[in-house]
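**Student:** If you read the sequences in order, they're chains F and W.
This note's numbering numbers the first residue of the first sequence as 69 and each following residue consecutively.
This note's numbering numbers the first residue of the second sequence as 718 and each following residue consecutively.
Since the hints were made in silico from the structure, they are not lab data.
Treat the hints with care, as some may be off.
Unchecked claim - What follows is a set of in silico ranges between Cβ atoms, one per label pair, in the way DEER data are often shown:
#	chain 1	residue 1	chain 2	residue 2	range
1	F	Arg215	W	Glu919	24 to 32 Å
2	F	Ile108	W	Pro733	34 to 42 Å
3	W	Pro862	F	Asp293	22 to 30 Å
4	W	Pro782	F	Thr301	55 to 63 Å
5	F	Arg215	W	Leu929	52 to 60 Å
6	F	Gly224	W	Pro782	51 to 59 Å
7	F	Arg118	W	Leu818	49 to 57 Å
8	W	Leu786	F	Leu246	49 to 57 Å
9	W	Ala759	F	Arg291	51 to 59 Å
10	F	Arg118	W	Arg931	20 to 28 Å
11	W	Leu818	F	Asp293	56 to 64 Å
12	F	Ala209	W	Ala759	40 to 48 Å
13	W	Asp877	F	Ile108	45 to 53 Å
Built from N, CA and C at the ideal position, the CB exists for glycine as well.
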Amino acid sequence: MVDTGTVGGDGSPGPTIAMHMSDGLVNAPTAAMFGLVAAIGLAIAASRARADLDERTAPMAGLVTAFVFAVQMINFPILPGASGHLLGGALVAILVGPWVGSLCIAIVLVVQALLFADGGLTALGTNITNMALVGTFTGYAVAYTLRRFAARSRTGLLVTAFLAALINTVVASLAFVLEYAIGGAGGAGLGTVFALMTGLHVLVGIGEGIITAATVGAVAAVRPDLVYLLRGTRPAVTLRTPGEAPR
Amino acid sequence: MGAGHAHPLYLPGHSPVHRLPAEVKIVAALLGAICVVATPRAAFGMFAGHLAVLAVVWGIARIPPGWILRRAVIELPFVVLAVLLPVTGPDPRIDVLGVALSQPGLLGAWNIIVKGTLGVLISLTLAATTPLRDLLLGMQRLRAPALVVTIATLMLRYTDLIVAEAGRMRRARLSRGHDPRFLWQVGATARGVGALFVRAYERGERVHLAMLSRGFDGALPHAAEGAPSRRQWATGLAPAGVAVLLAAAGWSVA
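Take these sequences, add in the hints, and give me the full structure.
**Tutor:** As structure tokens, this is what we get:
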């Protein structure tokens, strides 16, 4: 939903639109239910992340999380007077994979709630469900579906990253609409909330998509080996000595 | 644990609230926020009670109310959003200063504003009295998975550094004539984000090697301090206990 701008990035001043829900947007049973969903989801993500990242390499995930935190401070303009900030769900899903990625986003959300009063404590479950679980996995599912297209050319990769980020943002906002439908505490009709959230997040998602695409493109140009999505899609390098016939 | 990077919402002090173990404060803040959310919206007096509990905590922690209220403006955009509800909400309408407003909409807006604001005030109180390293210790003692604690520790240690690096890259762009005003101008920013990722990841590789060469075996060393005493739990959870009573009282009057 809406939160204030953090440290100024490149965007215009004014309110920053993102999806950190505050306390009281959904009632207590709904908050508790999604708290449980988030806890179970994170437990699964943490155990699966170990396969991508044995425990010794956790420092790398820590640095990637710090990167997500820094990236969330970059604002981009959406409408006159309002700017969005990057959420980074699709970005980390493409770069480090969905398991580590969702863990990174969830840790960022926990730290933001505990240390920066950004997003309510009781809304932590819904926030983690929307952004770390639903958002990241939707983004990865889109990217994975288009993987062959992404591996073929640079344009393919950029289009894939753009779509993954756009769909990630919109679907995460739909998850909020679902939570609001289950236990919304406001007086607004579901139709109004749906129209407002989807409309706003299509705009946010376009910004997110453009930045995600350009970022993934920049990483793929320098260190394609770091792009999780492209792992295993490139032929292995073979060493040939002069006298040997090429295979 | 390491350098004294204080986070921006920390207010250094030596009050009894500052000295409480972090895990007690985390649990108390979470309980308090749950009670606020569980209080029925029409029990207006109980919200004043929640605020009074917080005010007492601020008094003990020596946090000036002005200091915390200035930082509570983080909530402001929500308030703006909530103002829309009475206009767009369903009937029945009531007259407020000559404007017909939706009654459920008004109640909904009040609900979001009061619970959101109290939630932010609780989080701010926790953040103002808990330094980074205590928070990590608290997470560790609350049995957060070791992998999560390790990632969070590294993240908090390096966030300042990565943010500063992003700031330097931004200044470098600006000093070379970069002036993004529209979304289609984000190319340079986004390439900067890409470069930042590669730098952060490669720094992670170096940090990992440095840790390995100093004997890191997959788990961060545990802190020597013992678990909080029963008395500390009782003191720390007292405000949350009052909040539970307030929420229960709210249900009996509403």
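**Student:** Decide, hint by hint, whether the structure agrees.
**Tutor:** The hints, checked one at a time:
1. At roughly 25 Å, the beta carbons of F/Arg215 and W/Glu919 sit within the given window of 24 to 32 Å.
2. Checked against the hint of 34 to 42 Å, the pair F/Ile108 and W/Pro733 passes, with Cβ atoms roughly 37 Å apart.
3. At about 28 Å, the CB distance of W/Pro862 to F/Asp293 agrees with the hint of 22 to 30 Å.
4. Distance hint check: the CB atoms of W/Pro782 and F/Thr301 are about 58 Å apart, consistent with the given range 55 to 63 Å.
5. For F/Arg215 paired with W/Leu929, a C-beta distance near 33 Å fails the hint of 52 to 60 Å.
6. Judged by the Cβ atoms, the range 51 to 59 Å given for F/Gly224 and W/Pro782 holds: they are separated by roughly 56 Å.
7. Take F/Arg118 and W/Leu818: their Cβ atoms lie about 54 Å apart, and the range 49 to 57 Å holds.
8. Between W/Leu786 and F/Leu246 the beta carbon distance is about 34 Å. The supplied range of 49 to 57 Å is therefore violated.
9. W/Ala759 and F/Arg291 have their C-beta atoms about 57 Å apart, which keeps the hinted 51 to 59 Å range intact.
10. For F/Arg118 paired with W/Arg931, a C-beta distance near 23 Å keeps the hint of 20 to 28 Å intact.
11. Taken as a hint, the range 56 to 64 Å holds for the pair W/Leu818 and F/Asp293, whose Cβ atoms sit roughly 59 Å apart.
12. In this structure the hint that F/Ala209 and W/Ala759 lie 40 to 48 Å apart at CB holds, the actual value being about 43 Å.
13. With their beta carbons about 33 Å apart, W/Asp877 and F/Ile108 fall outside the hinted range of 45 to 53 Å.
When the structure is compared with the earlier hints, violations turn up for hints 5, 8 and 13 and for no others.
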